[in-house]
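Just so it is clear: in the sequence shown, position 115 is 115 by the numbering used here, and no numbers are missing.
Bear in mind the hints are in silico, worked out from the structure with no lab data behind them. Here the structure is a predicted model, which means the values were calculated and not measured. Careful, some of the hints might be misleading.
[What the hints assert, rightly or not] Derived BS3-like pairs: lysine-lysine, alpha-carbon spacing no greater than 25 Å straight-line:
# : residue 1 : residue 2
1 : 66        : 38
2 : 31        : 53
3 : 145       : 98
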Amino acid sequence: MIFDKLSNLHLYSSISSKIPEVDIIIRDVIKGEIKEGKYYFGDDNFYMISLNKNHYYAEELWERHKKYIDIHILIRGSEQLYFSSEMVSTYVEYSNEKDISFHQVKTWNSIILDSDSFIIIFPHEYHQPSIIQDNYDYVQKIVFKINRNYFKEVNL
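Working from the sequences, and respecting the hints, build out all of it.
In structure tokens form, the structure reads like this:
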């Protein structure tokens with residue numbers, strides 16, 4: 001996992017050739033040039049801009065992906081994002097079509113994600129995004145799904 005200020009995103013271009021593209025797309029989204037929806041860039045990468053309803057903690061909603069690396073960025077609002085590396089049990093088996101499985105975890109930590117920060121989540125990391133923070137019921141968010149093959153080997 002990488003958590004940093006959005007202004008530092010360009011510093012991570014050495015780990016993925018897609019980071020400069022992500023940086024340009026984010027600037028266009030912030031300027032209002034790209035609206036809500038799902039968009040593809042490159043062969044097998046996409047991003048989704050959406051208005052999300054934040055929720056309270058749910059024991060069985062810990063996501064894990066195998067094919068894609070997530071980059072989460074908030075455009076408006078604030079949310080907590082929980083993360084863990086210790087799975088207790090699988091709640092929903094992995095779907096190759098959706099690249100997701102759901103789990104219960106033993107212990108976790110959290111970060112606060114806002115419009116000045118980003119987080120990169122790797123396939124071995126369990127996470128639960130969109131947790132209510134500071135009474136933000138809704139946030140506008142962009143989530144990039146980048147095929148793990150576009151990242152340099154980081155022992156995923």
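To see whether the hints hold, each was checked on the structure:
Between the alpha carbons of residue 66 and residue 38 the distance comes to roughly 20 Å, so the proposed pair stays at or under 25 Å and holds. Between residue 31 and residue 53, the direct Cα distance comes to roughly 23 Å. Compliance with the 25 Å bound is thereby established for this hinted pair. Straight-line distance between C-alpha atoms of residue 145 and residue 98 comes to about 11 Å, which keeps the hinted pair within the 25 Å bound.
Of the numbered hints stated above, none is contradicted by the structure.
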